[in-house]
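Residue numbers (my numbering), protein chains in the order written: chain A, 1 to 289; chain B, 1001 to 1157; chain C, 2001 to 2291; chain D, 3001 to 3676.
What the hints contain is simulated information worked out from the structure, not anything from laboratory work.
Source: prediction; values computed, not measured.
The beta carbon of each residue, even a glycine, is placed where N, CA and C say it ideally should be.
Mixed in with the good hints there might be a few duds.
Dumping the calculated DSSO-like pairs for lysine-lysine here, alpha-carbon to alpha-carbon at most 30 Å [unchecked claim]:
#1 D:K3419 with B:K1121
#2 D:K3618 with A:K66
#3 A:K93 with D:K3629
#4 D:K3629 with D:K3076
Okay, the calculated beta carbon distance ranges per label pair [claimed, not checked]:
#5 C:A2286 with D:K3295: 38 to 44 Å
#6 B:Q1037 with D:M3446: 31 to 37 Å
#7 D:G3086 with A:A67: 50 to 56 Å
#8 A:N183 with D:R3003: 47 to 53 Å
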Amino acid sequence: MQALKDLARTLLEKGEVAVILGWEEGPHGARPAFITSPEDTGRLIFDARCVQNLATYLNPRRTNIKALGKPALCVKGCDARAIAGLLRESQIKREDVVLIGVRCSGVGIEATGPAQVDAETLAPRCVGCDATEPPLADHKVGEARPLPQGKGWDARIAELEAMTAAQRWAFWQAEFEKCTRCNACRQVCPMCFCEQCVQDKTRPQWIESSPHPRGNTAWHFTRALHQAGRCSVCGECERACPAGIPLMLLNRKVAQTMERRFGYRPTADPAVPCPVGAFRQDDTQEFIR
Amino acid sequence: MQEKSKSDGAFEPKLTAFVCNWCTYTGADLAGTSRLQMATNVRIIRLPCTGRIDPLFILKAFERGADGVIVSGCHPADCHYTSGNYHARRRFAVFNDLMEFVGIDPGRLTFSWVSASEGAKWRDVVNEATSKVKALGPFTTYPNAGLALGEVAHASA
Amino acid sequence: MKIGYYPGCSLHGTARELDESLRAVSAALGVHLQEVEDWSCCGATSGHATDHLLSVALAARNLALAEAQGMDQVLAPCAACFSRLASARHEARNDAEIREKLPELLGLPFTNTVAVRNLVDLLRGLAPEIKAKATKPLQGMKVACYYGCLLVRPPEVADFDDPEQPTSMEEVVKAAGGTPVTWNHRMDCCGGAFSLSRTGSVIRLGRAILDDARTAGADAIAVACPMCHSNLDFRQSAMALRGEAPMPIFFLTELVGLALGLEPKALGIRRHFVSAAPLLERQCAAGKGVS
Amino acid sequence: MARIGVFVCHCGENIGRTVDCTKVAEALKNHPGVVESVDYKYMCSDPGQALIKQSIAEKNLTGVVVAACSPHMHEKTFRRAAFGGGLNPFLCEMANVREHCSWIHEDKEKATEKAIAIGRTIVEKVKRNVPLETIRIPVTKRALVIGGGIAGIQAALDLADGGAEVILVEKEPSIGGHMSQLSETFPTLDCSQCILTPRMVEVYQHPNIKLYSYSELESLEGYIGNFKATIRKKARSVNEELCNGCGACTQVCIQKKIPSEFDAGLGKRTAIYVPFPQAVPNIPVIDRKNCARFKAKAKGILKEACGKCAEACLKGAVDFDQEDRFVTEEVGAVVVATGYQLYTIGKDQPEGLQGYGEYGYGTIPDVIDGLQFERLASASGPTGGQILRPSDGKPPKTIVFLQCIGSRDPQKGIEYCSKICCMYVAKHTMLYKHKVHGGKAVVFYMDIRAAGKGYEEFSRRAIEEDGAIYIRGRVSRMYRDGQTIKVQGFDTLAGEPVEIDADMVVLATAMRPQPGIETLAQKLSVSYDRHGFINEAHPKLRPVETNTAGIFVAGACQSPRDIPDAVAMASATAAKVLGLFSKDQLEREPTVAKVNQDLCAGCFSCEHVCPYGAVEHKEIRDRKGVLLKIVAEVNGGVCQGCGTCQATCPSKSVELQGFTDEQIYSEINALAGCVE
C-alpha cells in the first residue's frame, strides 16, 4: 500500500487537503485513522480488515470534520456508493472532499479478521460486488485481485421466505427482542443524517423508545424502509450491532424489492434518483386490489 | 389497553382504513348514498391523498390492536394531485414485501384503488377485508409482542 | 400433436366420409388421433330435449373417460357432438349443483379439465401446415363456407370464433388454396334433425341456402357438420326445381385432404350423393391441381 | 386544556333510524376533553347551527365536532357556523356517521357502537386542531374553453358577454362541432346551421374571445385561479394572418377524392380544404396525410411534387414548412366541452368494444349511421338535401331505422342510453317522409324515450302524422339481396319474426366520448368514468363542476346530451366561472405543508415527490451570515396539500396542516380505544 501512503503524503504536503481519513493498525485490528501531518501518512494501511465505511464521518451532525479543514477520504467501491448517496441528498458537495479510491478485492466481516479473505471469510456484502474498481474517486490506488467466491444473504432470505408467516414472525421477534436500542446501527450508518431521528420524536411518538420487542419491531422495520433505495450495502449497521441482529437481511430484502420491482441497484451515480420518490406509471401493483 | 369488541361471542375484528379524500372517501360516501350494506368493522381515517399515508400509520394501527388495515386511494392516473398515488404505490410496494418478510400475514393488510364512482367496489373491499381478517383471527402477536403469556391472556381479556 | 378423438355416432354412419377424411388429413398433418375408449352417445337431439341433467351427464361421461385416459383435449368433429360436449363443460363450470352431482352420477372422477376442440378450430390452428403441405392447392375453387347453426353458437359455449361474423372456415379454405365467397346464408338453419319428420321445411331451408351460394358464384359448399351435410347433399336432388346445376357439398376435411394431394377415394368423397367428380375434373382440366 | 363540543345530528330519520344518536351523545359526553355533547334532529338547520354558536359562547369551546353527514356535504356549513360562534373555522370537524355508518348498516347496536367510535376519533383529532388562516390567492380572470362545438361556443359567448376574456381551443380546422353537420333539429325541425352559424361568427368577432382553431391543449399546470395552459397550434400549412379565405387554393388542388369528414365520408374534399362553406375561421388547412406534395416528401422524393395551391394563392399564404407552434396562456378557469363521437359499427373496435358485423356496416354501402343520414338530409350535404342512397344514388323507397345500436347493450360494452337517438330517429323518419313522398320508414326500437319539452308530441307526430312504422324489437341480421337489403328481425309485440326488404338502413349508433378523452382528463387531473365520460363533482348538486377546483364540464363529454342540455350546461359553466371571477382574491383552505426548519436536514426528498414543485430551497445563516444549512421551504400558494412530502420525509420535518402526524396518530389511537 505504498502508493496510498505516498499519495496521502503529497496531498498533505501540497496542502490540497488538511486531513486524510483512512485506516490504520489498531489494538484490535484495523481502525479509522485521521492523518493531519505528512509524517504520519506511513500509518495508513489497506487490507481486508479495513471494513469501516468512513463516509459516515462526513456527516456534519456526527463529526465536525470541516473544523480540521478539507478532508481526503479513502473509499472502497461500496463506500463510494454512500458518498454518492450523500451527494444525491445534498448533504455534501463534491468539491468539499477528495476521494482516494482503494481497489478492493473483498473484505472480511470484522476488522480483526485476516488481512486476506477467502471464500470462508469473505463478507456477504462483497459477494458479486460490482465496485471492486472504486467509482467516483479522484485518485485510485492499489491493484484489484479477483474476488473470491462467498456466501451472500440471498440464500438465507430464501430460507426465511420458505417458512410460514408465523415462523418468520417468531424468528424476527427473537432477533428484535435482543435489541437494546443502543442505536449503534443508526450512528454508524452514513445515510442516517437526520437532525432528529424519527424514533426520537415524541410528538407524536410513532416508535416506542423503550427496548421492547414491539417498539423494536417498529424501529427496525422503519429503519429498513428509510433505507429503501438509499442503503449503500456497506453492512456497517449489522457489524456495529452489539446484539448481533442480522439487520442486513432486512436491508437486502428491501434491496431485492428495489431491483425486482423498480429495476434499481445501489449505484455510485448521484444523478440516478432514489427509486422511492420516483415512479413509473406502469409500476407493479399486483398487491393492490 | 386494547379491548377486542365481542358482540354475541363471535370475533368481530377491528379494521382501520386509511383512505384518500377524493376517490375512496367519496366512493365510500357513494356507497352510503346508494345504501349499500356492508360489514361494520371498518373505521375510516380520512387523508387528502394516499401520498400522505405513511407506513408508520399502518404499523401504529397494528401496534394499537387493529386486526386489519385497509389502504385505499385513486386509481393510477386518477390522482387528484396527479402523482400522489404513484409515489404511495412504490412506498406500499416496499412495505408490502417487507411486511411479509417479517412475518405479518399479508391477509391483514389490503391495498386497493377505489374511485369516486366505485361505491360497490368499496363495499366489496370492506366485506372481503373483514372476512379475511375474521378468518385469520385476532392480531395479538404484534400489539402483545414480547409480553409473557400471562400478560397476553390479560391483555386480550 | 396428440389429441383425443370422439367420433360420435354420425361418423360411424351417415358421415363416414368425415371420419375417413379426418383420419387421412390428420395423418398427413402429423396429428395423432387417439379414440376415446368406450365412448358413448353425446346426448344430442333427443337427449337434451328430454332431460337437462341427463344431457349434461351423457356428454360429461365421455369427457370423464378422456380424463381417465390421460387426454388433455378431445376433438369432436360432429358439430352436434361438439356443442353437447362443450355445453357439458360450460354447465359443469358454471353450475355448482351439477358439478357436485356428476362424479357419482358417472361413477367416474370428473374434474372438467379436458378441452373440447372443434374440427374447424383444429384446422384453423393447422392452417400454416396445410398451406405448407398443400401439394395440390384448390386454386380458384370458389367455396361457400357454411357454418350452420351450432358451430359457433352459443358464443359462451363454442367460444372459438365471432358468433356473428365467423372467419375460421374461410381461413382454412384459403390455406387450402380455395377462394371463399362472401354470401349471406352461411349461418342459417338447414333444418337439422327435421330431415325425416318435416322434410318439407328442410327442403325449403336448404334450397334458400343453395340458391344463395349459387348467386354468390360458389363451385361448392364446405360444411363441418354431418347433419348439414346430409341435408344439403342427400336432399339436394329434392331441392332442385328447374334443374339447377348440382352443388357438391364437401366436408372441410375433404377439401383440405384434396389440397394435401390425398386421393379422393381415401377421403370418401365417392360417398357423396351429389357427385363431386365433374367439379374435380374441371379443376384438373383447368390444370388447377386436384386430380 | 381542550374543551370540545360534540353535536350529534339525527338527520331526521337518516341517521336516527339506525344509530341511537342520544346514546352516541351520552357516550361522547364522558370522553376526556368533551364539555358539551348533545343530539339534535337537524344540525344543518338554522336552530341546529344556532345551537353550536350558542354552546361555543356559553361553554367557551376550543373545538367542535359535528357527527352528521359526510364532510363533503356540510363541512363548510358547520365551519361557517363555528366561525359565526367566534371560533376559528378550522377547529370544527365532521364525524361522518351517515354515509359511512347509518346508511350502510342495519344492526342498530353495531351501528351505534361504530358511530361512537367515529365520534371519539374525530374528537381526538379536533383536540389537536390548531387555528388556521384561509389562504388568499389572486385570480386570473381569463377562461380556457376546450372544444368549439355548440357547448363550447355557448360557454365562450356567455363568458365573453359577462366580461371575461376567453381562450377557445378547437382541434378541428373550424368550430361548429357536430351541430354544424346536422340538417334539422328536433323537436322544432329548425335548420341547424341557420341557428348555429350566426353564433360561430359571433365567436369569431367577439373582442373578448381569442380563438385557437386546429389546436389542442398540450398541458395544464397550476391550480384554480392560476392555471397555465400550453396550447399546440397544429401546422395548418396556411398563414392565418395572410389568408383572406378566397378559396382559390382549394379550386386547384389535384387531390379531389378524399372522403370528407364533415360529410361523414359521403362527400369528397380536396387535400387543402375548408371543412364546410360557413367554416369559422374561413381559412383552409392542408391535410398532410393526403397532400400530393407531402406524400411525395414522405416517400423521400426530393423533387417538389406539387405546389399548385401555393401558386394559386395571391397572398402567398400557403406555407408548406409551417410547424406545430406552442403558445402558453394564463387562465383562471377551464371549461371542458369536447363533445362526443359515434360508436363505430365496423368490425374492428377500439378498447375492447365489439362491433355489429351482423349489420354489415362498411360492407353494405347502403347501411349508414345517423350522422351520415343527417348529411344526406342536409341542404349543404353531398346530395344537396335529397335523400339518395350511396350505392346507386337512387331515392330509397323503404328505409329501416335501427335504434339502440351500441346503446343499452352491455354485451357490446355499453349499457347506458345515448339519450338522443329516439328523438333524432323520429326526426329522420319525418325528414325522409317529407322529402321522399310515398316512402316507407320503419323503425326498430326497444323503448321510445321522449322525455323533454315537446319530445313526446314530436315522436307521436312522426308516427301519427308522418306514418312512420314503429316495430318494437331487435334486428337479428341484415344482408344484401340484389339491390335491396334483407332485414330480419323480431316484432316482440306481435310475437313473430319480420323480414323487410329495405333500400337503405340507418343505424342509430351510441354516443361515446371523443377519442383521447382519458389523456385530456389526465392532463387536467379530473376523473372520468369507465366509458371515458368526465365525472361531475356531484350528480345532482354540482353537475357542471369536476372534482378539480376551477375545472368545469359542459355538454356530451360528461354524458350523452342533446343540444338543449349541452347549451344549458354551457351557460351553467359560464355562470360558475363568472362567479369565480367575481372575486379578486380566491380563498383557499389552508391545508398546506409547513417545514420545521430546525429539524429539516435538507435532503429534499420532499422536493422530488411534490407534484406541484412547491418545495423551494432556503439558506439558513447565522448572524454573521455564515451559511449553516440549506433547508426546504413550501410555497403555500403553490402547495395543494396532498401531503406526499410529509409521508416521504424520514424525520417528519414537514407537516401538512389539518392532517398533522399528531392528529392522525391520535385518530389511530382513538380507533384502538386508547386515548392519551
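Okay, the hints, checked on the actual structure:
1. D:K3419 with B:K1121: Within the cut-off at roughly 27 Å; holds.
2. D:K3618 with A:K66: The given pair, whose Cα atoms are some 22 Å apart, holds under the 30 Å limit.
3. A:K93 with D:K3629: Cα-Cα ~12 Å, so holds.
4. D:K3629 with D:K3076: Answer violated: D:K3629 to D:K3076 is near 41 Å, above 30 Å.
5. C:A2286 with D:K3295: 38 to 44 Å: Since C:A2286 and D:K3295 have Cβ atoms about 41 Å apart, the given range 38 to 44 Å holds.
6. B:Q1037 with D:M3446: 31 to 37 Å: For D:M3446 against B:Q1037, whose Cβ atoms are near 32 Å apart, the range 31 to 37 Å holds.
7. D:G3086 with A:A67: 50 to 56 Å: holds, 55 Å
8. A:N183 with D:R3003: 47 to 53 Å: Violated, at about 40 Å.
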